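Participant: Sequences and hints are given; from them, build the entire structure.
Numbering-wise, this note's numbering puts 118 at position 118 of the sequence shown, and it's gapless, one number per residue.
Keep in mind that the hints were calculated from the coordinates and are not lab data. None of these values were measured; they are calculated from a predicted model. No residue lacks a Cβ here, since even glycine has one placed at the ideal position from N, Cα and C. Treat the hints with care, since some could be wrong.
Below, a list of computed lysine-lysine pairs in the DSS-like style, where the Cα atoms sit at most 30 Å apart [to be verified]:
(1) Lys31 to Lys130
(2) Lys120 to Lys130
(3) Lys122 to Lys94
(4) Lys59 to Lys4
(5) Lys122 to Lys100
Ranges of calculated distance between the beta carbons of each label pair, as one might list FRET restraints [as the list claims (entries may be wrong)]:
(6) Gln151 to Gly97: 35 to 45 Å
(7) Gln151 to Ser5: 17 to 27 Å
(8) Ile3 to Asp127: 37 to 47 Å
(9) Asp165 to Asp65: 32 to 42 Å
(10) Lys122 to Leu27: 26 to 36 Å
(11) Asp167 to Thr114: 30 to 40 Å
(12) Lys147 to Ser34: 17 to 27 Å
(13) Asp136 to Leu74: 36 to 46 Å
(14) Lys72 to Arg178: 19 to 29 Å
(15) Gly159 to Asn128: 18 to 28 Å
(16) Arg178 to Glu79: 15 to 25 Å
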Amino acid sequence: MAIKSTIYKADVQVSNMDTYYFEEHSLTLAKHPSEHESRMMIRLLAFALNAHEYMTFTKGLCAEDEPDLWQKSLSDEVEVWIDLGQPDEKRIRKACGRAKQVIIYTYNYRSALTWWEQTKDKLTRFDNLKVFVLSDEAVTAMAELAKRNMQLQYMIQDGEAMLSDGDKAVTIVAELLRG
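Facilitator: Below is the structure:
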């Protein structure tokens, strides 16, 4: 019998001073059995950093032709495609062709930098691509805040995000590799 996804509930308050976005979201996340809590928390961070009323989580790991998050227009065009990890060049090319903007949040810092060095020259023609890397310390600290029911606040200013659950706070800097 297949192991089912674990459901997490998150009440998220986003205060983004950079984009003037201030909203509260009640989110339901399905954590795939092969997904670590740290990756799930990176998905939440990606949501907060790019929050928009049309930003949604997709099937993620369960669907090869969808990103982890996307923002679609009312006419069903992909405006923002967000992937996590170290996607291959073919996937990035496809995403850049389908979406107005593609954002990749990569993690496992040393491995991510090696992946980027091997990949970056093949992606120079894509003006709609941004790539960020997250530090191992930030990813570990975010994972420590993961609970089945979460109440989180994201305060974003000057490219930095401060994540708080009311008891602990984590400062996260997504280092820009391209964009």
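Participant: Tell me the hint numbers this structure goes against, listed in increasing order.
Facilitator: Per hint list: zero violations.
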